[in-house]
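Colleague: Chain by chain, the residues:
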Amino acid sequence: MGNIRLKNVSKSFAATTVIPGIDLEIKDGEFVVFVGPSGCGKSTLLRIIAGLEDATSGHIEIDGRDVTNEAPAKRGLAMVFQSYALYPHMTVRNNIAFPLKMAKMDEGAVEKKVTEAARVLNLTNYLDRRPGQLSGGQRQRVAIGRAIVREPSAFLFDEPLSNLDAALRGTMRLEISELHNQLKTTMIYVTHDQVEAMTMADKIVVLNAGNIEQVGSPLDLYHKPNNLFVAGFIGSPRMNFATGAFASGYGAHTIGVRPEHLKLSRESGTWTGRVSVAEHLGADTFLHILVDGIGQVTARIAGDVPVQHGDTVYLTPDEARIHKFNEKGMAIR
Amino acid sequence: MARAVSTRRTVFFTVLAWIVALVIFFPILYTIITSFKSETEAIQGFNLIPSGTVESYAAVQAQSNYFKFFMNSVIISVGSTLLALLISVPAAWAMAFSPTPRTKDVLMWMLSTKMMPAAAVMVPIYLLFRDFGLLDSRFGLTIMLTMINLPIVVWMLYTYFREIPGEILEAARMDGASLWGEIAYVLTPMAVPGIASTMLLNIILAWNEAFWTIRLTTTNAAPLTAFIASFSSPQGLFWAKLSAASTLAIAPILIMGWFSQKQLVRGLTFGAVK
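Chains A and B are the protein sequences, given in the same order. The first sequence lines up with residues -5 to 327 when you count with the numbering used here. The second sequence lines up with residues 3 to 276 when you count with the numbering used here.
These aren't lab readings, by the way, just hints derived from the structure by calculation. The C-beta atom is built at its ideal place from N, Cα and C for all residues, glycine as well. Watch out, some of these pointers could steer you wrong.
DEER-style ranges, computed between Cβ atoms [what the hints assert, rightly or not]:
1. PRO92(B) x GLU64(A): 22 to 28 angstroms
2. THR102(B) x ASP312(A): 53 to 59 angstroms
3. ALA65(A) x MET149(B): 35 to 41 angstroms
4. LEU18(B) x ASP159(A): 29 to 35 angstroms
5. ARG232(A) x THR16(B): 55 to 61 angstroms
6. LEU177(A) x ILE89(B): 45 to 51 angstroms
7. GLY126(A) x LEU256(B): 30 to 36 angstroms
8. SER180(B) x ARG59(A): 19 to 25 angstroms
9. ALA253(B) x GLY126(A): 37 to 43 angstroms
Isolated chain B, as found in the complex:
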């Protein structure tokens, strides 16, 4: 009896999970489908079978240089991730293994900066960027994205490091490892899965960040988010072209996410379940 109930529950939850997944994925799927339609087809209403034309892709590429936006996205998302890790590994190490009574408060304060509406600081940040000559520069954007994602990176690494028993690091200290020896030979190899998933998640967050990347760039440093935005207003009625541009923008991160989903899921649920 119990087995029958549990089988029914499993079937129910499996079907439910598939439905939820489809609902979440449907907008992306429909964007991809629309990108393979002609403009006439695209405005004719709901239709899941496209004609398969690639004219929108050709038009998009002719109109703007996709590769330049793509490279900007790669540089700022990878650059900001590496910079964030460089700052976060020692910070998280200190907070996980040498906590003070105020460590929790510092962590909460860091996270609280994520709760602030970005629009509230838009003017001061814009002015700072203007005065320091960082507007429309990859360097400026890399710094900005590092700052935005730093709290999450520190939190994730902190959670990972906390899972590493302190006794192992003490054993390394007894065995004669210096502070850097401890981090290089013991902590980092043990935290590789955690560092990898933090890195992946941060790349995705940086890749998708649209608020600042659109507002602080014009042409030189504009990443793929600005590329889509550049199609949305003048080409607002040309849905096939807009869909092609969007597909091109999300494709790299979607592919990366697909191949690294195991690490990502582990990264997002780490600490929640043992």
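In isolation and in its complexed conformation, chain A is listed as follows:
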């Protein structure tokens, strides 16, 4: 079981409040991603759950048990760090076996568990190597192996892929998702990469300045952002915003349109603009257009569109997909 509940958890470092007070419930087996910009408190929140940081106030419950004052190892959680945090003086085998040895498990059982974890993670041929002799991806798999063998009630991942190159990141993302499908254990995953959040999560928690801005499924956040922050943070390229006359026409203070919800025309449209940069990706074309009265607008057009820098183009937003926000930045529905 891996139900985790945070009750009014706050964290301050001296006079600086990092997390003003958070309530959150994570259900058993869920893949929850904490996402937000750098310094939003997502890693701190994860470390509070892990027990590596003390909460200034509030309570943390795991499966109904209050663990607020428990040592990290007593919480039954396993953590995978950004820097892998492998023990450099131990072989892969000893790294994976370390938590079991600390739990004083007998040697036969340790060997069996290590062999099984190595098989699942394709590390069988590397068991006698040291971390320094492995590639980044292999090291991260060892770190995951060390977490798996403990059979924790939940896995905590602290930006585990940010040290890897783009291609490997994609592969590891799939491997972690597959692992979740196999183990069906609760996973809490911290990232600043919203693509990782969108592709892996059952539930995303968007954090900003220590506050939860919105909790929901990836598509919930994409289609129904609660406020301007979530609207701007989820989705790539980010949503375009317009205020003033354009917005008041829709009865809103600000309107938002995603780049993929704009239609391009060379003849006519709602907005007129001049192309400042055209990025041709083959499958898509990203156009950065200076629209009269709005400013810079990004449009994502399917396929390769023969538009160049300096061309005058017309954009028409998909009326049904315009997001409206009031003066406080909250969504109007």
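Once you've looked at the hints, dock chain B against the given chain A.
Modeller: Coordinates of chain B only, in the frame set by chain A:
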């Protein structure tokens, strides 16, 4: 062109390094050479080729028991190093992994004690040693040398420990290691090179310490520094004998330093370059 300049620079700096090294080493070399001369040869002026006699060594050994001084040096330098490590490992661990806003100040304060002239505290320390019955005792000297070198040992270990990523210790904590498990299975094995070079340097510093070892001992606990000193005043004019005594005193540490130079260099430059 660039390659030619860089080759010329390399040659220049290599020659310069050799010259500097020779200048630094020359007094030691000349002491060794002089120790193999007769007294007559020794006072005849500058001469790099000795006759090879070992009469000075025989005379020195006949006059005082070298082995006793040597053992005192070993006991107080190794003893003070072990004691310093015992105190410094937990201290440096706390400062490196659990720093407070005042940690830097504490470190600076510790180091500042090294800036104080030893002569300034000579009288109070002498009186304390006298009152506690520590004068001319190996135990007293071991405590004294531990105190003298403690700031450097704490600083060196602190620098080493700081290089160990905190996340590794946190991982150990998540994996169920207790505080001592963390220190024994993770921190210490990772810091072995650092602890070893700190140990070597401290042994050398303790071995060479002359101010207190000469002033706080007479016969029983006198180490090799006192052994040389005992030759310098009455035998001041007998240079060959004085050189033989000096060579005997520095030989053990010189040999140890030669074999452990790799660790020592690493220890002294650690943190300066990655």
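Colleague: Each hint needs a verdict: does it hold in this structure or not?
Modeller: Checked hints:
| no. | hint | result |
| --- | --- | --- |
| 1 | PRO92(B) x GLU64(A): 22 to 28 angstroms | holds (25 angstroms) |
| 2 | THR102(B) x ASP312(A): 53 to 59 angstroms | holds (57 angstroms) |
| 3 | ALA65(A) x MET149(B): 35 to 41 angstroms | holds (36 angstroms) |
| 4 | LEU18(B) x ASP159(A): 29 to 35 angstroms | violated (44 angstroms) |
| 5 | ARG232(A) x THR16(B): 55 to 61 angstroms | holds (58 angstroms) |
| 6 | LEU177(A) x ILE89(B): 45 to 51 angstroms | holds (46 angstroms) |
| 7 | GLY126(A) x LEU256(B): 30 to 36 angstroms | holds (35 angstroms) |
| 8 | SER180(B) x ARG59(A): 19 to 25 angstroms | holds (21 angstroms) |
| 9 | ALA253(B) x GLY126(A): 37 to 43 angstroms | holds (39 angstroms) |
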